[in-house]
Each structure stands twice: as structure tokens, then as C-alpha cells.
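Go ahead and model the full structure; you've got the sequences and the hints to work with.
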Amino acid sequence: MDKIGGSNNRNNKGNNVGKRSRRKNNSEGNDYISHLPEAIILHILSFLPLKELVAVSLLSRLWKSMVLTLISVVPSNLNLDELDMMGKYICRREICYPGNSHGHIPYSAHQSRCYSIRAARRKFEQFVERTLLLHTGCTIERLRLSICYDAESEYTKRIDRWVQFSLRNDVRHLELNFSRGKLFRLRGWDKIYELPHGNFAPKNLKSCILNYCKLKLSIFAVFGSLQTLYLKQVKIIDCSIATIGELVAKCPTLEDLFLEYCVIPNDFMVSDQDMKIKRLVLIHCKTDEWPMFPIEISAPDLLILTIVGRYLMTSSVRKALHLAEVLIDIPQKYADHVQGDALGSLLTSLNHCQTLALSTWCIQVLPTGENLLQQLPIQLLNLRHLRMAVGWTKQEFPGIACLLRSCPNMERLTLDMFEPVNVDWAEFEDDIPTIFDFEEHSYWQSQNLPFQCLQYSLKTVEVNGFAGRSNEMQMIQFLLENARVLEKMAIFFIRTQTSAASTQQQNNHMQLQNNSLQLLNFPRASSQAQIEIFGNPYNNIM
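By the UniProt record's numbering, the letter at position 95 of the sequence shown is numbered 95, and the numbering carries on one by one without gaps.
Note that these hints are calculated values from the structure, not bench results. Here a beta-carbon is modelled for each residue, glycine too, at the ideal position from N, C-alpha and C. You may find that some hints are simply not true.
Listed next, with one range per pair, are the computed distances between beta-carbon atoms [as the list claims (entries may be wrong)]:
hint, residue 1, residue 2, range
1, Pro300, Thr156, 38 to 44 Å
2, Gln518, Pro420, 17 to 23 Å
3, Ala249, Gln518, 31 to 37 Å
Under the rule of at most 30 Å between Cα atoms (straight-line distance), these lysine-lysine pairs were calculated in the DSBU-like manner [to be verified]:
hint, residue 1, residue 2
4, Lys206, Lys250
5, Lys250, Lys191
6, Lys203, Lys88
7, Lys51, Lys88
8, Lys235, Lys286
9, Lys278, Lys319
10, Lys276, Lys191
11, Lys191, Lys232
12, Lys276, Lys333
13, Lys157, Lys206
14, Lys191, Lys235
15, Lys333, Lys286
16, Lys206, Lys286
17, Lys214, Lys203
18, Lys216, Lys319
19, Lys488, Lys394
20, Lys191, Lys319
21, Lys203, Lys235
22, Lys191, Lys88
23, Lys64, Lys216
24, Lys123, Lys88
25, Lys278, Lys214
26, Lys232, Lys286
27, Lys64, Lys88
28, Lys333, Lys232
29, Lys235, Lys278
30, Lys394, Lys459
31, Lys232, Lys250
32, Lys394, Lys276
33, Lys216, Lys232
34, Lys250, Lys278
35, Lys333, Lys394
36, Lys203, Lys232
37, Lys51, Lys286
38, Lys214, Lys276
39, Lys123, Lys232
40, Lys191, Lys214
Right, dumping it as C-alpha cells:
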């Protein structure tokens, strides 16, 4: 009896364990999420990263429908970066290597690396295909497609499809970057990616960034809503018809145009029509033949103009009546009088600007044209803030004086001090222009023509990187003795990096102290002028 009873007890225990196991298995098999309200499911899905969201869409038709509902309600932000995603695939060991019968991988380290890259690229391609297919017909807030393009790769047609998708679907902010391929193999302009033909006319695209590709303006019909266009390392190749006028005509709402390290047709920046752009930035652009190009445009709404390059050609910007900021920086060592004429002509056409920033090259070159300017033919009457990058070389003095005379209503002057760099006057052989024939130490005292801004308008002077050199002290003294309505001069000493116990540190300390006392004791034409010195031992304010 005991034996039978014991057996029954053991059987009962086994049955109970079996029931609990079945209940556990049943609970694990139940789908509790699918029966939730749709709003809650969509809220949960909204927290998933893009990769997981695409994976969920592959589970079933129901889940694909849910994902489609989500991305149709909430515009997506897609960042498809090939190099970044390939690195993650490889680092996470998501690449499966084919082995031999013993399970070993019969590859050398180099072969394994090449196989990993090819396999990771295939995974990236598949992911992009699924992602874009999933978003067909949906609004995409931001799409960034960064590709390791290689002209010898076999998947150029896929890239064409992705680009066509981005330009034919409802994308609001687009970035197409093909520069990552340079990390694997450097190529000339003939080997970079060329945007496909398609007569594209994106209606809702507001901003577009193109990086490292060839572009024909003829492939676009119109950008109905485009406000910002940024071209970086782009070569515009339909030279016979491509001009900035044609580009702007295809973008009726364009406000900001950036061209950085681009190769453009010779007359790309020449146009007769009025353009509505508000900001124009040209940084180190060139043509196939020359490192410079003429700028002849009409821009009645232009507010900000930036020109950075190697040389200047005769240029003008017409009708820029509302110009707020202008920056011209030519980081070049050489010049001739033609450059002086070109800069003078350009500044004369910008006579409505309110803030002007010039590099040391511009300051040295400006007065060296054929007429050896002491002031611009047309004064900059609207200019309120002049900013100059100076090294306080002798060759800068005439340019500084020319600019001070040309800005009669200037209220603020900023001097950013750098290491001295003298322009090399190659065209003049061994002789520099005659305008530089003067005694350096007495130049400012010898100036006879009046400086109206010093008499009536200059209120604030800011000096950055002050080192206490003789030419710097002379300029500060000249400004203090002649600026009759000056209210504030802020001087920021250059920072030195020496150990606290060194002899050099002690000498710097004494020099700072002496310079500070000398600056504070300079006579002032304005009784309201306050001098603030930063970076000295005493932080004087007087």
C-alpha cells in the first residue's frame, strides 16, 4: 500500500510539474503585444532604432502595416552611413565566414579583411534597399546617405536608384555624401560619382547638401521649395549652359547658397538677372583652368557675402542695397597691382554693407592699384563695423588708413592680430609699390587727410591678440589721440604658454605690466573713453 501510495504521490508531483511547465510554455507562446490598442503599439514602435524598426516590418504583414502606419504619421530621420554601419557589422562580428569541413576559416588576415568589407557592404546595401522600400510614398524629414563610392565597384546602379528615390520622394532635408570612398582609394575628378539623369523636380525639399560628386544642372527641372543649397567638392560639368543665374532660376525660393571647394565653369558666377538669394558663400572654388573667376551678379536681397579663395578677378555685386555682412579672405602670399584694382572695384560695389571683415592680404593689396588709393572712390557710408586681421607689418599701414577714410560712419573697429605676413609683389620684381615708401615709425603722425570716423562716429575698439610690439603701441596711441567720441577700448593680450617658474614667464609678466601702464597713460581725445585690458596681471579698467 505504501509503495503504491508513494507511487501515486510521485505521479501527482510529476503531473503538477507537467502542468506548470505547460502553463509556462503557453504563457511564453502568447502574443500579448498584438492585442494592445494601436496607439500604444505605435508609441512603443516609435522608440525603436531604424535597424530594429526595419526588422519588425519583416515579421508579418500585420507588423509591416503597423510600421507603415507609424512612418506615415511621424516623418522619419534616416541616417544611412555606409562606413559607420560597415564598421558596426564587422566589430559586432555579424559577418559569417564560410569554413571548410573542419570548421576552420581557410583565409589569411588580408583575405579575411577583404571578405569582411565585401560582406559588410552587402549587408549595408540590403539594409538601404529595405529601408527605402519601406519608406516609399512616406514623408521623410531628413535623409542622409553617405556612400563609400568607388568607380570600380559593381553597385553603382544601386546608388543611382537610391539617389533617384531621394529626389523623387517626399524628402524635406537631404544630404548625399560620396566622399567616404576617398578613405579607400584616392581618385581624380574623372572618377567621382555623377548624379543620374532624371529631370528631377522635388516639391517639398527645403535643404540639399551634395558632397563629392559631378553635377549637371540640366538633370533638374525645378526645386519648388528649396531654401538652402550646399555644394561641397562638386564639379559642375555642363559648362556651356551652367551659370549661377540658371541655378537660381531652378530654385525660386532659394535663400542660402554655399559653394565650397567646387570646380565651376569659367563664367559660372556671371549673370545679368536679379537673384533673390540672401546668403552667398564661396570658399576655395576654382575653374578647370584657373584658381580664380569673375563675379558679376545682381542680388537685391543679398544680406551675407563670404569670399575665400586664392586670387581675385575684376568683380562686382550689383543692387546689394541691404547687405549686412561681408567677409573677404585671400590666404595668399603673392599679389600684383591687378589684384589691388580688383579688390577696390569689388569693395566699391559693396558700398552698402554694414559689417566688413578683411584679411591681411586684402589690407596690403587694397591701396596698390594703378591709382594707389588713399580712400575708395565711393565711401562705405552704411558701414558700422570694420574687422581686420592684421600682423602690423609696414605694408598694412596704407590699407588700414585707406579703410578708415572710406568708412566715415564706422562705430566699431575690431583688430585681430596674427603673425606678420608680408605680401610678395611678384609683378614688381624686386620693387614694392611706391605707396609703401615711407618711414614706418612716423607713418600715423604724418597722415594729413582727415579720418571722419575718428572725429564723429567711432565709439568702440576691440584689439585681440595684443603683444605689445612697437607698431601695435603706435596704432593704439593714434586711435586714442584722435577718436573724439570713443567710449570703450578693449585690449586682449595674447596668451603665452610658459611654465610659472621660468625666466621667460617673469619677463612676460614685466612686459605685460609695462605695456599695461603705458596703454593706460596714453592721452585720449575723448573724455568718456574707457580702456579695458584683459590678460595682464592687474586686469586694469580705467
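These are the hints, each one checked on the structure:
1. Pro300 with Thr156: 38 to 44 Å: Taking Cβ atoms as reference, proline 300 and threonine 156 lie about 42 Å apart, which means the hint holds.
2. Gln518 with Pro420: 17 to 23 Å: Distance hint for glutamine 518, proline 420 holds at roughly 21 Å.
3. Ala249 with Gln518: 31 to 37 Å: 59 Å, violated
4. Lys206 with Lys250: Holds: lysine 206 and lysine 250 sit about 13 Å apart, inside 30 Å.
5. Lys250 with Lys191: 27 Å, holds
6. Lys203 with Lys88: 35 Å, violated
7. Lys51 with Lys88: 12 Å, holds
8. Lys235 with Lys286: 10 Å, holds
9. Lys278 with Lys319: 12 Å, holds
10. Lys276 with Lys191: Violated: lysine 276 and lysine 191 sit about 34 Å apart, past 30 Å.
11. Lys191 with Lys232: Holds, at roughly 16 Å.
12. Lys276 with Lys333: 35 Å, violated
13. Lys157 with Lys206: Holds - the C-alpha atoms of lysine 206 and lysine 157 are around 26 Å apart, at most 30 Å.
14. Lys191 with Lys235: With Cα atoms ~11 Å apart, lysine 191 and lysine 235 stay inside 30 Å; holds.
15. Lys333 with Lys286: 18 Å, holds
16. Lys206 with Lys286: Holds. Lysine 206 to lysine 286 sits at ~27 Å (cutoff 30 Å).
17. Lys214 with Lys203: 23 Å, holds
18. Lys216 with Lys319: 29 Å, holds
19. Lys488 with Lys394: 26 Å, holds
20. Lys191 with Lys319: 40 Å, violated
21. Lys203 with Lys235: Holds, because 24 Å separates the two Cα atoms, which is no more than 30 Å.
22. Lys191 with Lys88: 28 Å, holds
23. Lys64 with Lys216: Roughly 38 Å separates the two Cα atoms, so the pair is violated.
24. Lys123 with Lys88: Holds - the C-alpha atoms of lysine 88 and lysine 123 are around 11 Å apart, at most 30 Å.
25. Lys278 with Lys214: Holds. Lysine 278 to lysine 214 sits at ~25 Å (cutoff 30 Å).
26. Lys232 with Lys286: Holds. Lysine 232 to lysine 286 sits at ~12 Å (cutoff 30 Å).
27. Lys64 with Lys88: 25 Å, holds
28. Lys333 with Lys232: Distance of about 25 Å is within 30 Å: holds.
29. Lys235 with Lys278: 23 Å, holds
30. Lys394 with Lys459: 26 Å, holds
31. Lys232 with Lys250: Holds. Lysine 232 to lysine 250 sits at ~19 Å (cutoff 30 Å).
32. Lys394 with Lys276: 41 Å, violated
33. Lys216 with Lys232: At roughly 15 Å apart (the allowed maximum being 30 Å), lysine 232 and lysine 216 satisfy the hint.
34. Lys250 with Lys278: 16 Å, holds
35. Lys333 with Lys394: 15 Å, holds
36. Lys203 with Lys232: 23 Å, holds
37. Lys51 with Lys286: 41 Å, violated
38. Lys214 with Lys276: The hint holds at about 25 Å.
39. Lys123 with Lys232: 28 Å, holds
40. Lys191 with Lys214: With Cα atoms ~9 Å apart, lysine 191 and lysine 214 stay inside 30 Å; holds.
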